[in-house]
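There are 2 protein chains.
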Amino acid sequence: MTNIKTVSELAGVSVATVSRTFQFPEKVAPSTREKVLAAAERARYRPDGLARNFRTRRSNAIMVMVPNISNPFFSEVLRAMQETAFDRGYSVLLGDTQGDPERERTYLDFLGTRQADGVIQLGAHVPTTLPFPRTDDENVAAPFVHVCEAPTPSPFPSVRINNEAAAFAVTQHLIAMGRHRIAAVLGPKNSPLTADRLAGWKRALEELGAGSDDSLIYEGDFTLQAGQDAVARILAAAAHPDAIFFFNDEMAIGGLQGLKEAGIAVPDDMAVAGFDDIAFARFTEPALTTVRQPKKQIGEAAMTMLIDLIEDKNTPPQNTVLDASLVIRTSTGQAGKP
Amino acid sequence: MTNIKTVSELAGVSVATVSRTFQFPEKVAPSTREKVLAAAERARYRPDGLARNFRTRRSNAIMVMVPNISNPFFSEVLRAMQETAFDRGYSVLLGDTQGDPERERTYLDFLGTRQADGVIQLGAHVPTTLPFPRTDDENVAAPFVHVCEAPTPSPFPSVRINNEAAAFAVTQHLIAMGRHRIAAVLGPKNSPLTADRLAGWKRALEELGAGSDDSLIYEGDFTLQAGQDAVARILAAAAHPDAIFFFNDEMAIGGLQGLKEAGIAVPDDMAVAGFDDIAFARFTEPALTTVRQPKKQIGEAAMTMLIDLIEDKNTPPQNTVLDASLVIRTSTGQAGKP
DNA sequence: CTGTTAGCGCTTTCAG
DNA sequence: CTGAAAGCGCTAACAG
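Listed in order, the protein sequences are those of chains C and E. Going by my numbering, 4 is the number at position 4 of the first sequence; the sequence numbering is gapless. Going by my numbering, 588 is the number at position 250 of the second sequence; the sequence numbering is gapless.
Read the hints as simulated data drawn from the structure, not as lab findings. None of the values given here were measured: they were computed from a predicted structure. Each residue gets a CB set at the ideal place from its N, CA and C atoms; glycine is no exception. Among the clues, some could well be false.
[What the hints assert, rightly or not] With the Cβ distance kept under 7 Å, some of the chain C side facing chain E (calculated, not the full set):
id	residue
1	26
2	46
3	156
[Unchecked claim] No more than 30 Å apart at the CA atoms, straight line, and that leaves these computed lysine-lysine pairs for DSBU-like:
id	chain 1	residue 1	chain 2	residue 2
4	C	5	E	343
5	C	27	C	5
6	C	296	E	527
7	C	27	C	189
8	E	634	C	189
9	E	343	E	373
10	E	598	E	527
11	E	634	C	296
12	C	35	C	5
13	E	598	C	260
14	C	189	C	260
15	E	365	E	343
16	E	527	E	634
With the hints as constraints, model all of the structure from the sequences given.
Right, dumping it as structure tokens:
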């Protein structure tokens with residue numbers, strides 16, 4: 001129950017001085033500062049964060065909405081975000097949405113109720129009505145950053161990689177390895193990311209390969225199970241493809257399992273590629289060729305952008321595109337071997 | 339900028355009535371309620387969460403400290419925690435500690451500054467001084483729950499599985515499969531969980547096997563890399579073991595990779611077991627025998643316990659032990675085959 | 001460099 | 001069922 005008043009009396013100074021001692025120690029004479037700190041120590045005083053937040057109208061918290069925190073890609077990005085937020089004095093509120101728009105609305109509302117100073121969206125959904133922090137200035141950008149799944153063009157500041165180009169590179173590599181019929185296993189529909197990767201796959205097949213063929217497109221949802229299921233459907237089709245490009249690593253790992261169970265040799269009978277380069281991709285059998293997304297950079301860039309937006313209302317909204325690189329392992333065959 | 343006063347004037351009622359309409363709608367006459375809600379709607383009013391938190395002296399937030407959010411075991415548990423918290427009207431603050439005690443202290447301090455109503459610790463470290471919420475009643479249990487890594491006996495409420503028994507079961511299974519020299523690859527030192535699993539391994543070897551042998555113990559830290567490294571050390575030893583019990587699945591997966599690179603056949607030349615049953619365990623080559631931890635239940639139980647503690651100061655602190663089960667897959671050999 | 005003072009927006013008695 | 005009013009603990013002008 002010890003509050004600022006108690007401490008001020010104990011130290012024989014005003015409450016303002018106590019406040020300053022904690023907020024701006026340099027604005028207080030060293031001798032006074034010591035008196036205050038001693039008194040605070042003695043009274044086991046901790047400034048009340050709730051009162052401070054209330055008074056300053058800032059929660060110093062960032063809501064991060066993530067479709068599924070168990071997805072290793074997201075958890076890596078999230079870790080970098082939390083790290084960056086921490087370094088800048090913000091805490092991270094976790095909002096696992098499971099893709100549920102109602103959940104997203106609830107979490108977004110943390111902005112409206114001032115329980116978060118900003119929001120990062122790692123999912124695909126774009127909010128239509130944003131509960132702006134109650135400012136009358138319509139020109140101030142909303143403290144909202146869209147990560148990975150931002151549509152093009154994006155109405156909000158965003159951070160992502162060039163998914164089209166990365167998917168093109170994967171498909172190009174498969175073609176270079178002598179593959180002709182390359183299936184694509186998609187992520188969730190309506191996801192800009194899925195659309196972009198699909199466009200890259202298509203362009204590569206049309207420019208460099210045998211042309212694209214919609215019968216080579218299979219649905220998926222980024223889960224291990226979806227990868228396994230897709231393989232079952234792929235193998236049931238009349239003419240097998242000779243390669244499968246899974247739109248994320250988890251599906252590729254599920255797919256490898258499905259292929260193993262079906263007795264299909266990878267990469268000899270079927271080449272397999274993924275996307276993301278999660279930690280496990282290096283440990284599959286065979287090791288997975290994939291696209292390395294700069295997870296740490298993505299998280300850092302997004303959080304930095306958001307906090308800049310919050311703290312400096314003049315920061316112009318940006319759409320940052322980071323580099324991704326193709327990581328060639330053994331699941332797509334060895335050089336020199338068809 | 340629209341606040342409770344604006345709404346009260348618009349609706350022609352007092353601020354108290356507006357407050358009640360949002361807090362306890364049933365305490366307000368239906369006709370009044372409608373007036374208020376209409377006015378709130380018109381003014382686009384959102385109650386200020388910071389003011390509310392300040393006034394009620396509650397943040398409605400739970401700090402969850404986790405050593406590494408990228409670990410699939412933790413992220414699964416965390417997801418269940420967030421779900422449970424959400425259902426009970428709490429948000430989750432993410433505190434990735436990377437095992438750093440200073441970080442842990444900082445996060446723990448959220449209690450002291452009232453920025454969190456409770457703390458869950460998923461790491462091994464036990465706080466010595468807890469910044470109690472400022473109550474004078476020394477008998478009130480601190481809103482702190484220790485998960486998975488709680489020492490025995492635990493000074494705090496806790497949730498965990500019986501690690502000793504589970505490790506015993508793994509080792510027993512390996513012995514039953516005809517293995518004689520069973521190596522153990524540990525988790526972080528000083529972790530109660532590591533100690534318990536080691537004790538189970540040791541007891542099984544002594545009661546059912548050839549006796550335990552400290553030269554079969556290898557250090558680890560729960561990362562993929564650690565598993566791979568441990569295999570290198572194991573294979574460099576004079577006499578190979580014929581089985582390896584990794585104390586978590588990630589190390590086991592790293593270990594499988596190391597064994598593959600060394601040309602050791604699993605399970606024929608070396609049986610491998612893990613611990614946790616993360617989603618990827620079913621998709622390794624060969625599929626991993628492991629201990630299934632009830633991740634969802636652990637998360638739910640811990641969060642429920644903590645919130646009960648917060649909301650009902652009479653809840654007695656408990657130490658909950660949940661069931662874990664051995665999941666036998668192919669990495670430890672097939673029945674009937676030595 | 002320090003003190004005085006006025007609230008921030010809301011909840012919560014306490015009366016009526 | 002509703003209103004009046006006090007005040008949570010702190011910060012930030014402003015004045016000295």
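Holds or violated: residue 365 of chain E and residue 343 of chain E, Cα atoms, limit 30 Å.
holds, 19 Å
- request: Mind checking the alpha carbons of residue 527 of chain E and residue 634 of chain E for me, to see if they're no more than 30 Å apart?
  value: holds, 26 Å
Margin query: residue 46 of chain C was flagged as interface toward chain E. Is the shortest Cβ-Cβ separation under 7 Å?
Written below: Since the shortest Cβ distance to chain E is 4 Å, the answer is holds.
Problem set entry | Hinted pair residue 296 of chain C and residue 527 of chain E, Cα distance within 30 Å | Holds. Residue 296 of chain C to residue 527 of chain E sits at ~28 Å (cutoff 30 Å).
Minimum beta-carbon distance criterion (7 Å), residue 156 of chain C to chain E: violated, 20 Å
Is the straight-line distance between the alpha-carbon of residue 598 of chain E and that of residue 260 of chain C 30 Å or less?
holds, 16 Å
Item to check | Restraint status (C-alpha distance of residue 35 of chain C to residue 5 of chain C at most 30 Å) | outcome: At roughly 14 Å apart (the allowed maximum being 30 Å), residue 5 of chain C and residue 35 of chain C satisfy the hint.
Are the Cα positions of residue 343 of chain E and residue 373 of chain E separated by 30 Å at most? holds, 14 Å
If you draw a straight line from the CA of residue 27 of chain C to the CA of residue 5 of chain C, is it 30 Å or shorter? holds, 19 Å
Note to self: Run the distance test for residue 598 of chain E versus residue 527 of chain E: straight-line Cα separation, threshold 30 Å.
What the structure shows: Answer holds: residue 598 of chain E to residue 527 of chain E is near 27 Å, not above 30 Å.
- request: Sort out whether residue 260 of chain C lies within 30 Å of residue 189 of chain C, counting only the CA atoms.
  value: holds, 27 Å
Residue 5 of chain C and residue 343 of chain E: Cα distance at most 30 Å? Holds - the C-alpha atoms of residue 343 of chain E and residue 5 of chain C are around 28 Å apart, at most 30 Å.
In this structure, the hints that do not hold are numbers 1, 3 and 7, in rising order.
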